[in-house]
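Undergrad: Top to bottom, those sequences are chains A and B. Counting from 5, one number per residue, gives the positions in the first sequence under the numbering used here. Counting from 5, one number per residue, gives the positions in the second sequence under the numbering used here.
Don't take every hint at face value.
[What the hints assert, rightly or not] Covered, in the sense of this in silico footprint (three residues per stretch, anywhere, with C-beta under 8 Å from a C-beta of chain B), are these stretches of chain A: (1) 128 to 140; (2) 180 to 191; (3) 294 to 302; (4) 317 to 331.
Worth flagging that the hints you see were computed from the coordinates, not collected in a lab. Keep in mind that this is a model prediction, so the values were computed, not measured. For every residue, glycine included, the Cβ atom is placed at its ideal position computed from N, Cα and C.
Each chain is listed here by its residues.
Number of protein chains: 2
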Amino acid sequence: MPLEWSSCPPELLLVIDRSGGPPLRAQVEHGLRDAIRTGRVRVGERLPSSRELARTLGVSRGLVQECYAQLQAEGYLVTRHGSATRVAAGAAAPAAVTRPPGTASRLLADFRWGVPDLGAFPIQDWLWATREAARVMPSADLGYGDPRGSRILREVLAGYLRRVRAGAADPEHIVVCNGYAQGVNLALQALADGGVRTVAFEDPGSPATVGACASAAGLRAVPVPVDAHGIDVAALAATDARAVVVTPAHQWPTGVALAPERRLALVAWASDHDAIIIEDDYDAEFRYDREPVGALQGLAPDRVISLGTVSKSLAPGLRIGWMICPPELVAALTEHKLRSDRGTSTLDQLALARLIESGRFDRHLRRMRATYATRRTALLGALAEHAPEVPVTGLAAGFHAVAHLPGDADEHHVVTTARERSVGLYGMSACRASTAATPAQIVLGFGDVGERAITEGIAAIGHLLGGRPESPSR
Amino acid sequence: MPLEWSSCPPELLLVIDRSGGPPLRAQVEHGLRDAIRTGRVRVGERLPSSRELARTLGVSRGLVQECYAQLQAEGYLVTRHGSATRVAAGAAAPAAVTRPPGTASRLLADFRWGVPDLGAFPIQDWLWATREAARVMPSADLGYGDPRGSRILREVLAGYLRRVRAGAADPEHIVVCNGYAQGVNLALQALADGGVRTVAFEDPGSPATVGACASAAGLRAVPVPVDAHGIDVAALAATDARAVVVTPAHQWPTGVALAPERRLALVAWASDHDAIIIEDDYDAEFRYDREPVGALQGLAPDRVISLGTVSKSLAPGLRIGWMICPPELVAALTEHKLRSDRGTSTLDQLALARLIESGRFDRHLRRMRATYATRRTALLGALAEHAPEVPVTGLAAGFHAVAHLPGDADEHHVVTTARERSVGLYGMSACRASTAATPAQIVLGFGDVGERAITEGIAAIGHLLGGRPESPSR
Chain A
5 MPLEWSSCPP
15 ELLLVIDRSG
25 GPPLRAQVEH
35 GLRDAIRTGR
45 VRVGERLPSS
55 RELARTLGVS
65 RGLVQECYAQ
75 LQAEGYLVTR
85 HGSATRVAAG
95 AAAPAAVTRP
105 PGTASRLLAD
115 FRWGVPDLGA
125 FPIQDWLWAT
135 REAARVMPSA
145 DLGYGDPRGS
155 RILREVLAGY
165 LRRVRAGAAD
175 PEHIVVCNGY
185 AQGVNLALQA
195 LADGGVRTVA
205 FEDPGSPATV
215 GACASAAGLR
225 AVPVPVDAHG
235 IDVAALAATD
245 ARAVVVTPAH
255 QWPTGVALAP
265 ERRLALVAWA
275 SDHDAIIIED
285 DYDAEFRYDR
295 EPVGALQGLA
305 PDRVISLGTV
315 SKSLAPGLRI
325 GWMICPPELV
335 AALTEHKLRS
345 DRGTSTLDQL
355 ALARLIESGR
365 FDRHLRRMRA
375 TYATRRTALL
385 GALAEHAPEV
395 PVTGLAAGFH
405 AVAHLPGDAD
415 EHHVVTTARE
425 RSVGLYGMSA
435 CRASTAATPA
445 QIVLGFGDVG
455 ERAITEGIAA
465 IGHLLGGRPE
475 SPSR
Chain B
5 MPLEWSSCPP
15 ELLLVIDRSG
25 GPPLRAQVEH
35 GLRDAIRTGR
45 VRVGERLPSS
55 RELARTLGVS
65 RGLVQECYAQ
75 LQAEGYLVTR
85 HGSATRVAAG
95 AAAPAAVTRP
105 PGTASRLLAD
115 FRWGVPDLGA
125 FPIQDWLWAT
135 REAARVMPSA
145 DLGYGDPRGS
155 RILREVLAGY
165 LRRVRAGAAD
175 PEHIVVCNGY
185 AQGVNLALQA
195 LADGGVRTVA
205 FEDPGSPATV
215 GACASAAGLR
225 AVPVPVDAHG
235 IDVAALAATD
245 ARAVVVTPAH
255 QWPTGVALAP
265 ERRLALVAWA
275 SDHDAIIIED
285 DYDAEFRYDR
295 EPVGALQGLA
305 PDRVISLGTV
315 SKSLAPGLRI
325 GWMICPPELV
335 AALTEHKLRS
345 DRGTSTLDQL
355 ALARLIESGR
365 FDRHLRRMRA
375 TYATRRTALL
385 GALAEHAPEV
395 PVTGLAAGFH
405 AVAHLPGDAD
415 EHHVVTTARE
425 RSVGLYGMSA
435 CRASTAATPA
445 QIVLGFGDVG
455 ERAITEGIAA
465 IGHLLGGRPE
475 SPSR
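Same shape as in the complex, but just chain A:
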């Protein structure tokens, strides 16, 4: 008896594994689907009758009929009354798979910024906190809850922020979000809804991030210069911005703290212009010379959206942050959070609450403050030895510093030459709105670089920073 299809006999179409593989029905169905997808049976091609295929494969006819019915329901096959079963016209083969290029090779030291010591993440404390949170969590908490976030976490955060950041934090005005990135998006969207058309940002700062978020929200983003006292409020007042993104406690990336008179001027600007200040309070937990400067939000709770995150204090991979919102903006920010993703993972929120409440979060911060202080000392020591002519600033807090290269230095050359020596350096140009590479500066992140790597890395490239030829002893 001749087969009713020519290009692909059943035994090629389907391989049945009877040695304890998946159920026969699943094998036949998946095999057929696969054959259609990969183009082994072509569109319009006629399949064998269920009787024929059943005989060839040694399975029951009913089983084949079930498979045909399933694939027909899924649109892979068409059966017209009294006619054969054929491959449906829409059942196209998927596109070819593309693979990404291999990852970068390992570096001797990678001074990339913005990453804390990932190896020091208190994983056992986190697992403990998750377990504890799960133990007492009512199952209703696993549903769609308050889009602002868990009441428990908002209360714990309010207490924590009042205590540590001097924020005027009320649980009712906190919206939990997925780190700073989501927070700044939601803030700009809500402000755009409220009629803001232009948002200012610090220069140097994060032009790419703020620019992209502003553009997505339909806002114009304008840079405002930062000097040794922080953002230039007079220059800000000369723009038409009615919102500004600032890093008052530890300016990113210059590391200066917003000077007291500037803090007041900024708040006055916001009052006078009916404007909102978006405060990025990203790494204030780590200040070395004195207590961190309190959050600007505490000064003007009606004018500041304060964005906090555990990305620097714990790890970016947790994706947890929060916004302390002016009371008038709580509803709009909640609405945007709801629309964006309906809330942040409940169990993660409750685990963070437990971690803070238990004192383990503070203990971790104390430990990390000591770690970063040691690395900071190692960095300063290595630079003093290998690049003594290079001034370093911005080290009062956090875990990055700015190295000021000599006047004729070429940022791009320094970065690429360092990379050849297996040292990752990152230039200030990426932080400038103009992307200018002068004055030549390198932003040295040391959060996730061990002391030894810091010392060896700076030893390998210190001469580059100083604009000197490699010392002959090396």
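Fit chain B to the known structure of chain A by using the hints.
TA: Leaving out everything else, chain B in the frame of chain A:
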């Protein structure tokens, strides 16, 4: 010696606790900040000299000076050379706290839709999976990773979706997101960037959700009717939409499966109109009469963005979902995910991967399939007894059904009267683009309602559904 400030003597301003409270320095600083915030010391008011305050409080003068310096740095105080320290002009009191109204009272039965059995969430399995994931996770995974999500989860999901949903899933084309809500947002944003101006959605369906996301992305949203075979593809083709959001496996909320010829027609429409189908594959895991219909994505991987979620299979509170993207859209969707929140929690992703890989996810699904089948039977039984004249449809999969009320029934009346009987009912009007309440239908969710509550709830309101007066025996 007269105090230099009149309204608030130091002993009222500050209460020092020497019986083992926080350090004195912290008490003084926080006390002062609090006094300024709450308006106990007014703007412009002069503070006592550091010497005076130190004497009154019985602390060292240096301590008070440090506190003043800190509050000056934070902008609460101003000190002009040779003049007294005063409360700064910008140091406003925070707005009054508002509290939300109390939560609703408990219901006998709440037939709200879209929520699975939260009490059955396999919390021990989830904690186990989190622990296992943490045990082998390289610390680098806690940094900012691939915005598409963990490679491990994407591989596990690809295998799972190929096996269970017949998706043409490649890990390179999967983007992990925070549930369906974020997925549909990112999809519509990416399509808007690509030139799409109008998106169609099923009617009845989720007009509010799709409408809000479309509007945020700058898109027009148009409803397309759903009949007994699913979305009306001819009506879709008559619109100018170049994207459509559909629920092919189990239409929300009617419960019909998209008919085979409609599946093909829909794919052909997408091909002909250079359009994209956004497939909301929300509860296909739970099909009672046969294997779930495979994902539409498997039929036309170049034309379909398939959105999956664990909100129905595990719990909404986890906020994990995924998108299988057409290869051409992977970059745009990844960019939007990156910009939106830089990725989903790594540890949660790895825990989900471990849960699926270990077979515990499948075991949970099997258990839940049995649970929902039992509840479905209880619902049908209760309706047969207490509202025998009410047809019920849409029960082939998932955990909701549609009750069709008599022609003269008033949805609003039925819902409010049921609420008076402590039974939560939800009308179809919220699912209709027109918000029309006719034909009167009730969408009965039974995912998170126990058998006994189902039986008692329907007994209490069955006569309302049938449009009959309460039976005298009750």
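Undergrad: Hint by hint, note whether the structure agrees.
TA: Hints, verified against the model:
1. 128 to 140: holds (count 5)
2. 180 to 191: holds (count 6)
3. 294 to 302: holds (count 6)
4. 317 to 331: Coverage by chain B holds here, the residue count being 8 at a Cβ distance below 8 Å.
Hint compliance for this structure: every hint is met.
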